[in-house]
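S.K.: Start from chain P and add chain Z according to the hints.
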Amino acid sequence: MPACWRNCGPLRPDPSQQITMSSRIPLMPSVVALAILLVIVCLASIAMGVVKVPIGQGLLSIVDRLSGSSTSDLSDYQQAIIVELRLPRTLLAVLVGVMLAQCGAVMQGLFRNPLADPGIIGVSSGAAVGAVLAIYFSPAGETWWTVPMAAFLAGLICTLLIYQLARGPLGTSVLVLLLAGIAVSALAGSIIGLITYVADDTRLRDLTLWQMGSFAAADGTRVWLALIVAVMLFIRFQHCAAPLNALLLGEAEAQHLGIDVERQKKELIILVALGVGLSVACAGIIGFVGLVVPHIVRSIAGPDHRSLLPLAALGGGILMLGADVASRLLIQPAELPVGLLTALLGAPFFILLLLDLKKRL
Amino acid sequence: MNLFEIEALGCSRGSFQLQIPGWQVSAGEFVALLGRNGTGKSTLLRVIAGEIKATTGQLTLHGKSLSAWQGRARARHLAVLPQASDLNFGFVAEEVVALGAIPLALNWRALEAAIRRVMEEADCMDLKGKPYPQLSGGEKQRIHFARVLLQLSQAESAPLLLLDEPTSAQDLKQQHHILARVKHLSETGYGVVAVLHDLNQALNYTDRCTLMQGGNIVADGPPEQTLTPTNVSEHWGYPVTYAETASGQRLLC
Chain P
0 MPACWRNCGP LRPDPSQQIT MSSRIPLMPS VVALAILLVI VCLASIAMGV
50 VKVPIGQGLL SIVDRLSGSS TSDLSDYQQA IIVELRLPRT LLAVLVGVML
100 AQCGAVMQGL FRNPLADPGI IGVSSGAAVG AVLAIYFSPA GETWWTVPMA
150 AFLAGLICTL LIYQLARGPL GTSVLVLLLA GIAVSALAGS IIGLITYVAD
200 DTRLRDLTLW QMGSFAAADG TRVWLALIVA VMLFIRFQHC AAPLNALLLG
250 EAEAQHLGID VERQKKELII LVALGVGLSV ACAGIIGFVG LVVPHIVRSI
300 AGPDHRSLLP LAALGGGILM LGADVASRLL IQPAELPVGL LTALLGAPFF
350 ILLLLDLKKR L
Chain Z
0 MNLFEIEALG CSRGSFQLQI PGWQVSAGEF VALLGRNGTG KSTLLRVIAG
50 EIKATTGQLT LHGKSLSAWQ GRARARHLAV LPQASDLNFG FVAEEVVALG
100 AIPLALNWRA LEAAIRRVME EADCMDLKGK PYPQLSGGEK QRIHFARVLL
150 QLSQAESAPL LLLDEPTSAQ DLKQQHHILA RVKHLSETGY GVVAVLHDLN
200 QALNYTDRCT LMQGGNIVAD GPPEQTLTPT NVSEHWGYPV TYAETASGQR
250 LLC
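These protein sequences, in sequence, are chains P and Z.
For what it's worth, numbering that gives the first Met the number 0 labels the leading residue of the first sequence as 0, then goes sequentially.
For what it's worth, numbering that gives the first Met the number 0 labels the leading residue of the second sequence as 0, then goes sequentially.
Next comes chain P alone, as it looks inside the complex:
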């Protein structure tokens, strides 16, 4: 049926109306391009820092360590820097970026709000309280395992608490969930403040560094833990991609589309708690990666979670590691806490998003 009375002119003068589904960037080429970029950043991360090493030699020394050969010309000292410091640091930064960006994308889908950040449901703050308590109370030799454990557990407990708070007879109210998140963040902030206030000088330095986020403490334990959780999250999130798309329509609509909304939301919340809790435990509080990366990916590839989640994972790894490399290079021979750098870049981005939102209202 011709409907020329509706086609006579543009509905609203907006250039973005020209977007069509076919103009979306196709998934596979973008995945390949981002993967190549990630490899390049990884190589840069291995080679660059206070001690500069040729990339080829750096890779050879990693091969040497894995296979027991001795093909690299580097000195023992340089090899130790590559294999024991930079390699775990590089891997951890990528894994934390992968987790944070995906958790951000999932949280935004779950809350149906493109401005939501995993921090807002209180997971980051909850995990931070756990970590701070562990730093303060456990003996210095034990923090390598008590901090990740406490951060993860506190993050999980916190999330479940908030979830129970927000649950009503009609399902979970997003509004109550957000308000509960704000309340928990405030409480967590005061507990962290209190501990910081009573802490002695050495612990205070630990606490401050950790609160600003850094990958300097990367080690094998953290890398393995992060790898296991990141792989698990990636697989589960892929299974949740279609339900997440449906949830964007609203909880009632998702239920009409055959999705068990309550079960799905519970699973997603626990997965996000796990990802964010572990990231906080491994590298401290690193904000805005979960906000910036999914937003950029959405503006290029669209909001479909089936492409958003893998692309955000890759983008998160690239951004996180890129920021870490920059934090090592900017004020040599010292280094910036990477969380400070992401906040410096992320906060203005957030303000721009808010301004854009305000303009559209």
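Read the hints as simulated data drawn from the structure, not as lab findings.
Note that the coordinates shown come from a computational prediction; the quantities given were computed from them, not determined experimentally.
Simulated crosslink set (DMTMM-like; lysine to aspartate or glutamate; CA at most 20 Å straight-line):
id: 1; chain 1: Z; residue 1: K63; chain 2: P; residue 2: D259
id: 2; chain 1: Z; residue 1: K52; chain 2: Z; residue 2: D163
id: 3; chain 1: P; residue 1: K265; chain 2: Z; residue 2: E50
id: 4; chain 1: Z; residue 1: K182; chain 2: Z; residue 2: D206
id: 5; chain 1: Z; residue 1: K52; chain 2: P; residue 2: E261
id: 6; chain 1: Z; residue 1: K63; chain 2: Z; residue 2: E50
id: 7; chain 1: P; residue 1: K357; chain 2: Z; residue 2: D85
id: 8; chain 1: Z; residue 1: K182; chain 2: Z; residue 2: E120
id: 9; chain 1: P; residue 1: K51; chain 2: P; residue 2: D75
id: 10; chain 1: Z; residue 1: K127; chain 2: Z; residue 2: E111
id: 11; chain 1: Z; residue 1: K182; chain 2: Z; residue 2: D219
id: 12; chain 1: Z; residue 1: K172; chain 2: Z; residue 2: D122
id: 13; chain 1: Z; residue 1: K182; chain 2: Z; residue 2: E164
id: 14; chain 1: P; residue 1: K51; chain 2: P; residue 2: E83
id: 15; chain 1: Z; residue 1: K52; chain 2: P; residue 2: D259
id: 16; chain 1: Z; residue 1: K52; chain 2: Z; residue 2: E6
id: 17; chain 1: Z; residue 1: K182; chain 2: Z; residue 2: E223
id: 18; chain 1: P; residue 1: K358; chain 2: Z; residue 2: D85
Computed beta-carbon distance windows for the label pairs:
id: 19; chain 1: P; residue 1: D259; chain 2: Z; residue 2: N199; range: 38 to 44 Å
id: 20; chain 1: Z; residue 1: D85; chain 2: P; residue 2: T207; range: 38 to 44 Å
id: 21; chain 1: P; residue 1: L354; chain 2: Z; residue 2: T227; range: 57 to 63 Å
id: 22; chain 1: Z; residue 1: G188; chain 2: P; residue 2: I295; range: 46 to 52 Å
id: 23; chain 1: Z; residue 1: S135; chain 2: P; residue 2: V175; range: 30 to 36 Å
The C-beta atom is built at its ideal place from N, Cα and C for all residues, glycine as well.
M.R.: Chain Z alone, transformed into the frame defined by chain P:
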């Protein structure tokens, strides 16, 4: 066997009580839910849709309790067109329609053909590539109409389509287009339940009208029997009479 059946339904929401001893929809029937505001039409629709749990009673779809249906299978046989649906993410219209395929098993090529077909049916093909958040209320509703048509397109037995004021956001031409489409669907075997406010639409398009008052069904039958001037004046508290157009169509006014 009825497509959909309610037995001894009781559902309380605060002080509001919904009580329906028995009610059914058969395949090929277009039923209008009518009544004044707050009489329980939307609540009933939401109970059927599974959004609100009934306190007591049985709801059966194709002889099987609604809660016993597996989620995706239920979604292929029971779809809801919401009155309005917000979406803050930059999907284009076509991608929103494609969300209707979540409970289906379609390959990419078949999906593309199916999307084109339902969008033509819902008269929104021209909106295909436009960003959904920038569409008008009526255009969004037509996109969702296409989406629910897609959702029901693989039903193995007659599906049930629930419409919550499907014409509320539409212009005159689109109102009649949508109702004619829905009428056609019911003629091909769909069971349709629609909350309507325009009694003349109910009179001219539906097979049966269910009148609700205070959470109860007070009249149920063919439109010309339920929507008599006496009934309407009594239930809506507004005096009406029949008028006849030149083509012989009856109208309440």
